[in-house]
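Student: Order-wise, the sequence lines are chains A and B. At the far end of the first sequence sits residue 938, using the working numbering, and the numbering has no gaps. At the far end of the second sequence sits residue 72, using the working numbering, and the numbering has no gaps.
By construction, these hints were calculated from the structure, which means they are not laboratory data. Virtual Cβ for every residue (Gly too), placed ideally from N, Cα, C. Some hints here could point you the wrong way.
What the hints assert, rightly or not - Stretches of chain A that chain B covers, calculated by requiring three or more beta carbons in the stretch to come under 8 Å of a beta carbon on chain B:
{"no.": "1", "segment": "815 to 826"}
{"no.": "2", "segment": "835 to 842"}
{"no.": "3", "segment": "912 to 926"}
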Amino acid sequence: MSAPVVIVGGSLAGLRSAEGLRRAGYAGPIKVIGNEPYLPYNRPPLSKELLSGTGDIDEIYFPIKESVADVEWVLGKAATSLDIQEQKVTDLSGTSHPYRALVIATGLRPKPLPVDANGISGIHVLRTFDDAVALRKQLLPGVKVLILGAGFIGCEVAATAVKAGCQVKVVARTHEPMQEALGKTLGREVKRRHELMGVEFVKGASVFGLIGDGHVERVILDSGVIYDADLVVVAIGSLPNTEWLEGSGIDISNGVLVDGGLRAVSSNGTLVENVFAVGDVARYVNPLFDQVPRRVEHWNLPTETGKRAGLILGKYLNGESIAEMLAEPFAPLPSFWSDQYDMHILAFGMTYLADRSELVAGEISGECVFEYFRNDKLVGVCGIGMRPTIQSYRTKFLLP
Amino acid sequence: MIKVEVDMNKCQHYGQCVFEAPTVFKLNAEDKLEYVAEVDDSERDNVEAAVDICPMQAIRIAQ
């Protein structure tokens, strides 16, 4: 009996990898090792529907297809080390898991509060179902919420918290919310709409310290300004979960470097045999834009990377040629969306690579579409409402 | 033939399915999703891709 394909990471990218293996005809054993105690579930509702309601995890589980019904799930056990010579993964409980091939899908975790909380409670992050449940219990009318970070999570939490009747302040490092993704012009409009709903934006780089007797009462920004806060949400970005790969020889300088076939690359630039990486943790070149390997944290990419890795690995394990699949460029079109109040933002491409944006349809105060350019080449499209128009751009992102 | 079902209470009209199966799904002028409920077996791969990529997981293939 040969060792299983081990997938480390029990979320969307891990699931899609398992499905891809089966689709390629690989019928051997598959084992998924997951840090969280849950089967794969959908994260976008965590900052929206699940955060405002009372919904349970049953509502957001991904369906488990028949093809992967026989997968072995080892849940609630983070992987702690990898030995690529011995071909085994060790988990938190010390159990070792030999593998025939490995798929790394360990994703991200939120960056923590940049200062020591000194045991003061009331500090939240939002990545997992448990995070959402812990936070939503506290989002009560009149509660003073201070959100660090004005990216997607920060803005979505702000909208949900305001609707729950909280008093919301957002501390932003950039001038406008979601500025990196939307640019200044559209970012400013998003800010205006948040302000109309009662959200207050504060420009500030970071936090200097917390004041509170057990529970947070006030937050000192590094500008010296002090704000009252009943709870703090830290939404200042995320970190790839790669500590368990230290010493393995894999290039983990920023996530796991992979080639166009999602095969892991070692620190000396050679391919690591039988090891793949997918989802938010993977860093790869997307030839639609340039030759710079990047981690891209958009929802459609765990599916795109997982499917492809599973198909290539499955064919390879079956002894079939993978040359043809590898020759096909991996050029998935990133897409992101966000719902805040009645504002529906949708984008395709890599808007944050742009050096300028241009309003091409609608009106900024209502529904609108912006094109994003880098060196006069279209790299993204984003808008509020007008989704059929934004959709129509999908075919405009072509390989050089 | 395969039967396509979309839970319109879940659907948020993101239109991600449109790209995967453009002959089955489309967004109308009001930004709302419209779809063909019964499609040929030749569309199965495309509809399965749409099921996978739906952010709200609102699409199902009924046997």
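Student: Find the hints from earlier in the document that the structure breaks and name them by number, from lowest to highest.
Tutor: Result: hint 1 breaks, nothing else.
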